[in-house]
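Chemist: Those protein sequences? They're chains Z and W, same order as listed.
The first sequence begins at 1 in the numbering used here and counts up one residue at a time.
The second sequence begins at 1 in the numbering used here and counts up one residue at a time.
If you are wondering where the hints come from, they were derived from the structure by calculation, not from laboratory data.
Please note that the accuracy of each hint is not assured.
[Said to hold, decoys possible] Within a straight-line C-alpha distance of at most 30 Å, the following computed DSSO-like cross-link-like pairs (lysine-lysine) qualify:
| no. | chain 1 | residue 1 | chain 2 | residue 2 |
| --- | --- | --- | --- | --- |
| 1 | Z | Lys170 | W | Lys26 |
| 2 | Z | Lys46 | W | Lys330 |
| 3 | Z | Lys285 | Z | Lys237 |
| 4 | W | Lys287 | Z | Lys186 |
| 5 | Z | Lys170 | W | Lys172 |
| 6 | Z | Lys170 | W | Lys330 |
| 7 | Z | Lys414 | Z | Lys451 |
Read off the chains here:
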Amino acid sequence: MQTTGETLPQIKSGVQTLGRKANRLAATKFGGQIVNDYWSDLFRAKEDGRKVVWYNGTYIPPFFHAHDVAWVHGEAWSAYLAAKHGELPAQRAGEARGYDRELCSYARTHIGQALLGLRGDENGTADGAPPDERALTMAKLPPPDMFVNAYPYCSSGQQWDDIIYRLYGKRVPIYNISIPLLWGGKPDARYLHGQEWEERSDYVAMQLRGLAGFLEENTGRKYNWDRLSEVMFYIKKAAELRMEAMDLCTAKPAPASFFDWIVSIAHVNFLPGTQRLIDYFEMVKAEIKQRIADGEGAVPNEKYRLFFDGMMNWNKVGWLADKFAAVDATVVAGRYTHMSFWQEPQLIDIADPVRGMAQNYLICPNNHGAPIMIGEIEKVCDKFDIDGIVCHASRTCRGMTNQQFLITESAKRKGRQAMFFEGDVVDESFYKDELLNSRLEAMIEAMDARKRMVA
Amino acid sequence: MDVLDQILARFAEAAARPLDYAKQWKAAKGKPVVGLLPMHFPGEIAHSAGALPTILQEDDEPVAAGLGSIFSFYCGFNRSLCDQLVRGEFNDLDAVMCGDHCVQLLGTADAIRARAPQIPVLFNQLITSMSMPWAFDEARRTFVSLKEELERVLTRKITDDDLRASIRLFNKDRGLMRRLYELRRAGKISISARQLQQIVKSSMVMDKAEHIGLLEQLLADLDTKGSPSNAIRVYLSGHFCHAPKPEILDLIEECGAIVVDDDLFHGYRYIATDMDEAGDPLDALTKWYFAHNREVPCATLADKNADLDDFLLNAVNRSHAQGLIILLVKFCEPHMYVYPEIKEKFEKAGIPHLLVETEHDGIPLEALKTRLETFLEIARRRAAA
Chain Z
1 MQTTGETLPQ
11 IKSGVQTLGR
21 KANRLAATKF
31 GGQIVNDYWS
41 DLFRAKEDGR
51 KVVWYNGTYI
61 PPFFHAHDVA
71 WVHGEAWSAY
81 LAAKHGELPA
91 QRAGEARGYD
101 RELCSYARTH
111 IGQALLGLRG
121 DENGTADGAP
131 PDERALTMAK
141 LPPPDMFVNA
151 YPYCSSGQQW
161 DDIIYRLYGK
171 RVPIYNISIP
181 LLWGGKPDAR
191 YLHGQEWEER
201 SDYVAMQLRG
211 LAGFLEENTG
221 RKYNWDRLSE
231 VMFYIKKAAE
241 LRMEAMDLCT
251 AKPAPASFFD
261 WIVSIAHVNF
271 LPGTQRLIDY
281 FEMVKAEIKQ
291 RIADGEGAVP
301 NEKYRLFFDG
311 MMNWNKVGWL
321 ADKFAAVDAT
331 VVAGRYTHMS
341 FWQEPQLIDI
351 ADPVRGMAQN
361 YLICPNNHGA
371 PIMIGEIEKV
381 CDKFDIDGIV
391 CHASRTCRGM
401 TNQQFLITES
411 AKRKGRQAMF
421 FEGDVVDESF
431 YKDELLNSRL
441 EAMIEAMDAR
451 KRMVA
Chain W
1 MDVLDQILAR
11 FAEAAARPLD
21 YAKQWKAAKG
31 KPVVGLLPMH
41 FPGEIAHSAG
51 ALPTILQEDD
61 EPVAAGLGSI
71 FSFYCGFNRS
81 LCDQLVRGEF
91 NDLDAVMCGD
101 HCVQLLGTAD
111 AIRARAPQIP
121 VLFNQLITSM
131 SMPWAFDEAR
141 RTFVSLKEEL
151 ERVLTRKITD
161 DDLRASIRLF
171 NKDRGLMRRL
181 YELRRAGKIS
191 ISARQLQQIV
201 KSSMVMDKAE
211 HIGLLEQLLA
221 DLDTKGSPSN
231 AIRVYLSGHF
241 CHAPKPEILD
251 LIEECGAIVV
261 DDDLFHGYRY
271 IATDMDEAGD
281 PLDALTKWYF
291 AHNREVPCAT
301 LADKNADLDD
311 FLLNAVNRSH
321 AQGLIILLVK
331 FCEPHMYVYP
341 EIKEKFEKAG
351 IPHLLVETEH
361 DGIPLEALKT
371 RLETFLEIAR
381 RRAAA
C-alpha cells in the first residue's frame, strides 16, 4: 500500500499507535542549552590557546577542567553526531579503511572522525563528493594534543584509543588508566565492600594522581589540586541533586522517565563542573516535585513501569520515548542512567576527592561481575516497582550485553517480564523496529495478564 | 601404523577431545584439572599445584543451547564455550582460571560462574596497558593473587621450587616445538599445518611430561626429507584464542601452498617465549608476560613498543614466505581493530595477502578454494616477477 508521504497511517493496535507521546521535562531544554554551550566552547579551544585532550571511558573531565585544558569524550562525540544524524560520513571513512561494521560503532565513528581530520577533509567525504552539510559539524572538532584512556570493563575501549594513538603516528602523548573489573570472587565481596574493592580503589586512585603529572608534563603548568576540589564541589552537589530527583520518581505516575535522564547524561558525564550544573539539576528536581504535586506523569496514562538495560540507542532517543509512551509504559529507570555517573556521591571527600572519584569510576554500570551487578539492578527495580525489563541488545556494545541473559533470568525470578530488542549505540542499521514492536506488544499483553491475575 | 604415526595419532586424539583426555588423566592420577581461558594465562601455576592445566578449546558441536547464555554476535570461540558449558562438558573441572582482557571472554567468565556454580572461577584481570610505569608491579600482583587463590581452592601450597620445576618443564616443551618450527621454516621437514596444529594444541591440554616424551621421540624419528619445492610458501596469521578449523589448513595446502610459519595462538604465539628458570618464579612469570608481547604482539594489549603489523612483516620476510593469509575470526574485535594496519603495511610492502573470515559453523570451502587458488596464483606470479 502506498501512502501519500504527508501523514503516516494511524494503526490502532498496540505499539504502532501514534499520538500518545512522552511528556518530556521542560527543564531539559535548559539542559540542552548547557550542552550546546559546552560544544561551542570546545570548538573555540584552539583559538583560545587551550590544549585539547581526547579521552575515552569514564567521567574524568574534572581533572581536565581543573587544569584548564579542553576535552573531548570520544563516545560523546559519536553520540552527538548520531543524535544529529551526522554520524555517517565518519562511519564511512572508517569502513573505507577496513574497519569492520561489527566493531564498536562509537569507536568506528570516532576513528572515522580522526581519519577525516588527519586528511584535512573538511567536507567529511572520502572521495571528493559534494560537501555533506551534516559533516560540516565534524570539521569543527579540534585535533588532539593529548590522549587519555580510562575505560572500565570494555577491552574495545582501550584498543580504540590505542588505534587513534597509532593513527596519529604515536606522536601525541597518551596516558592509560586501568580500571579493572570488580569480579567479586572473594568471600568478603559485596557492593562497595571488601578487600578487592579497597585494593582496586587505591590502584585507580594512584593512576589518577599520576594523570596530574601527565597533564603537567604536557602543558608545562603545575597542577592545581585545590581547583580540582572546587570543580568536584559542583559535580558532587549536582550528582546529589540528580540522585534525589531520581528517587522522587518512585511516585506513581513517575514524573520523569529514563529518557529524561538519558538527555541529562552529558551533564554528569562530561560537562564542566560549575554552578550551572547545580542550577540545572535544581530545576529538574523542582519540576519533578511540581509534577508529583499535580499528579502529572512522564507518560500521560502510566499503566506499566519498565527498566531499561543496555547502552542507549542514540539515533532513537525521542523515537523510543514516544514508542513506550504510546503503550502507556513509563521506562522509569535504567542501568545506564541509574547505576552510573557519580551515583555514589557520598564517597567523594571534597577536600581530597581522588579516591572517591576512583570509586565512582570503578562502579560504572558494567564493571561489576554479574552477581553484584544484578543484585544492584534488582534493588533499583524493587525501589521503582518495576513490572518489566527491556534489554537493548546493542549489537556492537558487548560490554553492555554480556550479562543480559542473566539479567532477564533474575527478572523472571522476581516475577517481572523481560524482553530483548536489537539495535546499536550509534549505528542505526542494526535497529529493527518491527522486532521491537512485536516484542513490546507481547510483553504488554503478558504484563496485563499478570496484573489481571493479581487483581 | 608406524611409531611416528602412532605419536601423531596420540597428539591428534588429545587435541580433538581434550576434555576426555582430562577426565582420563584425572581418573588415573587422582589429581585436579584446571581449565584456563586464553590468551596469556600461564599454565605453569596450575601445574605447580599438581593439577593438569587444560586450555579450554572450541569444540565441533553446533552452538544450540549455548545461545541462551550468549548472543549470536559473539565470536565462535565464546559461543562454543558457552554451549559446552550448558551441555555440562566442564563439569569435571576443579577450577577455571581467567583474566585476559577481551570483553567477550569477560562475559563467558560470568556465564561459567552462573551456569556451573560448583566450579570456582579464579578471575584476576591482567593489565593490558603494558607501557605504563606501574604495569610490571600490577602484573606481578595479579600472578601472586592468582597463585594464592589457587592454593586456597586446591588446598595445596605452591613453593618457589614447585613453580620453577613447572617452568623448566614448560620451557622444555616449548623449546621442542620451536625446534619443529625452525625445521619447517628451513624447509627441512615435511609436516602439514594440521599436524603441527595438533602438536601445539595437544601441548595445551596434555600432561607435560607425556607431551615432552612423545615430542622427543617424534623429533628423533622425523624424516628430514624436506618440503615440496614448487609449493608457494605462506605465513598464517590470526586466531588469537582458538584453533582454525583443520579443513581450512588442509585446503590451503591442497591448493598448492605450504605453510612455513605462523603467529597463531595454536602455533608459534603459544610457544614463542620461555620463562626465566633461575630467579624468583613470580618475577619470571611477570617478565614473560611482557617479553612475550614483544616477541609476538597481541592485539588486545596496548604496548608502545610492540606493533603487530611490523612484527608480521618481519616474520614473513624471515620465513621467506611469499604471501600472508590472515585468518580473522568473525566478531573478533581485537583483530578487527588491527586488520587495517596490517593490510596497509603489506600493500605498501607489495606482499600478497588474503583475508579469510572464519566462523565456528564453518565456511563454504568451495568458495574459499577459488579465492585461495587466485591468491596463490598472484603470489606465484609476484614471486616470479
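Chemist: Now tell me if each hint is right for this structure.
Modeler: Now for the hints, and whether the structure bears them out:
1. Z:Lys170 / W:Lys26: 50 Å, violated
2. Z:Lys46 / W:Lys330: Violated, because 41 Å separates the two Cα atoms, which is more than 30 Å.
3. Z:Lys285 / Z:Lys237: Holds, at roughly 13 Å.
4. W:Lys287 / Z:Lys186: 27 Å, holds
5. Z:Lys170 / W:Lys172: Cα-Cα ~38 Å, so violated.
6. Z:Lys170 / W:Lys330: Between Lys170 of chain Z and Lys330 of chain W the Cα gap is close to 28 Å, so the pair holds against 30 Å.
7. Z:Lys414 / Z:Lys451: Judged against 30 Å, a Cα distance of about 15 Å means the pair holds.
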